[in-house]
Structure formats: structure tokens, C-alpha cells
Amino acid sequence: MPTSFYERHGKRALDLGLTIPGTVLISPLLGVVALIVRLTSGAPVFFRQERVGRGGRVFRIFKFRTMVVGAVEQGKGFYLEEGDPRITPAGHWLRATSLDELPQIFNVILGDMSLVGPRPNLPFIVQRYGHLYDRILSVRPGMTCFVAIRGRNTLRRSQMIAYDDEYVDNLGLGTDLRILLATLPAVLFRRGSTNDVSEEFMEDVEPVDRSAGG
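Residue numbers for the sequence shown follow this note's numbering, beginning at 1 and rising by one.
Hint data in this document are derived by calculation from the structure and do not stem from the laboratory.
Since the structure is predicted, the reported quantities are computational estimates derived from the model, not experimental observations.
The beta-carbon is built from N, C-alpha and C at its ideal position, and this holds for glycine as well.
It cannot be assumed that every hint is accurate.
As the list claims (entries may be wrong) - If you anchor each label on the Cβ, the simulated ranges turn out as follows:
1. G130 with G22: 31 to 41 Å
2. L184 with E206: 17 to 27 Å
3. F124 with E81: 13 to 23 Å
4. V45 with L18: 21 to 31 Å
5. P44 with N170: 14 to 24 Å
6. P89 with I26: 15 to 25 Å
7. T3 with Y79: 29 to 39 Å
8. R8 with V68: 38 to 48 Å
9. V45 with T3: 21 to 31 Å
10. R60 with T23: 13 to 23 Å
11. F46 with L18: 17 to 27 Å
Stated by the list, open to error - The calculated EDC-like cross-link candidates involving lysine to aspartate or glutamate, where the alpha carbons are at most 20 Å apart (straight line), are:
12. K76 with E203
13. K76 with E50
14. K76 with D169
15. K63 with E101
Please model the complete structure; the sequences and the hints are all you need to start from.
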């Protein structure tokens, strides 16, 4: 349960105070990106996928579509490979610039996510690593985080979990503001942007053995 005043009230106030006017400001950009996706790869423009949020609650995340329809049933499934043919013509650019993540601003307004917090994971990842995500799931997931500014897709699972735990340990207004300020240059310079996200590279943590009570 949230313990500080910022966790209980301030964080949500910051989210709404930035995202509501921010949505108005970036609405032209959202429209342009939506048009680009539609013209280059057809419908649907948006991609929705189940992710695990605070307390283990599953919600649907919003993104601009960067892969072909039904991509999860093709190729490497949930993972990627260099030159992945499932990525659409505009998809490489959208992923590198993180513009595909912009629709998650609506997840923030709805309360599924926060501007800052651990990135929400797929249900099978949370299931695979069990208790390693318990503390991480005690906070609302976010659009940006330590992982986003310290390596993104070049990080392995152990590093991601360690950075998310660090965020939980240091959750506060100062931490959130520092991450928000560091996100812009990370995105502009495309730090950690790669489409070579194989399961062999990323998953360097042993799955939890639930039969042993893990």
C-alpha cells in the first residue's frame, strides 16, 4: 500500500496535471502519427495488448501499431530479431523514437498507468518470474522509468528487474521529476533503441519453480 503523501495523492495529481493539458498539446502530433500508420500499413491504427498493472490487475495498453496484424502468431512471437519482417514501414521509426508509446497517455488518464513507473509487463512474463515482480507490482506502471533512460532494449531481464526495484525503493517526487527530465534526451538520441530483442539475450533470469513453492 502507498505509504507517503506523494504516493497516495501527489503522484496522481502530477499525472493528471501534466497529461490532461499535454494531451491537448500533442493532439496534432497524435493525429499525424495516426495518419502515417494508416497510410503506410492500413488499419487498425492502434494496437492494444494485455499487460499487468498494480496489484496484478490486467489492463489493455494502447500503442500505435508498429507491426503487421497478428504479429504475435508469427516469427519470434513476443520477441524480436534484427531486421524483423513483421515491423511495418513506419514501425522502425516509431519504435526508435518511442512515438508508438504516446497513446499510453490515455492509460495514464484512465488510471491504469502513471507517467513514471516500471514498464508494464506481459502476463506470461509476470507468471514466469513470479515473486521477483511482487514489489514491482506494488506501484502503478509507467510510460517511462529507469529502464527507459538507462538502456531500454539493450538491457537484460536481470537489469530491468534491478532498475524497477530501485525505482520502488526511491519512489518520490524528486525521482519522478529526474526520470521525466532524462526521458526527452534519451528519446531524442534514441539511446538503447534496437529491434534485436531475442529471448536468448533478454531472458537471463531463471524462471520461478512454482512446484517448489516459489
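Hint by hint, here is what the structure shows:
Here the CB-CB span from G130 to G22 is close to 36 Å, well matched to the stated 31 to 41 Å. Taking the beta carbon of each, L184 and E206 are about 36 Å apart, not inside 17 to 27 Å as hinted. Checked against the hint of 13 to 23 Å, the pair F124 and E81 passes, with Cβ atoms roughly 19 Å apart. About 24 Å separates the C-beta atoms of V45 and L18, a value consistent with the hinted range of 21 to 31 Å.
A hinted range of 14 to 24 Å is violated for the C-beta pair P44 and N170, which are about 38 Å apart. Taking 15 to 25 Å as the suggested C-beta distance range, the pair P89 and I26 conforms, at roughly 23 Å. About 36 Å separates the C-beta atoms of T3 and Y79, a value consistent with the hinted range of 29 to 39 Å. At about 43 Å, the beta-carbon gap between R8 and V68 stays in the expected band of 38 to 48 Å.
As the Cβ distance of V45 to T3 is approximately 40 Å, the hint placing it in 21 to 31 Å is violated. Between R60 and T23 the Cβ separation comes to about 18 Å, which falls inside the hinted range of 13 to 23 Å. Roughly 22 Å separates the CB atoms of F46 and L18, a value that falls within the hinted 17 to 27 Å. For a cut-off of 20 Å, the pair hint linking K76 to E203 stands: about 14 Å separates their Cα positions.
In summary, the hint linking K76 to E50 is supported, as the alpha carbons are separated by about 18 Å, within the 20 Å threshold. With a CA separation close to 34 Å, the supplied pair K76 and D169 exceeds the 20 Å bound. Between K63 and E101, the direct Cα distance comes to roughly 5 Å. Compliance with the 20 Å bound is thereby established for this hinted pair.
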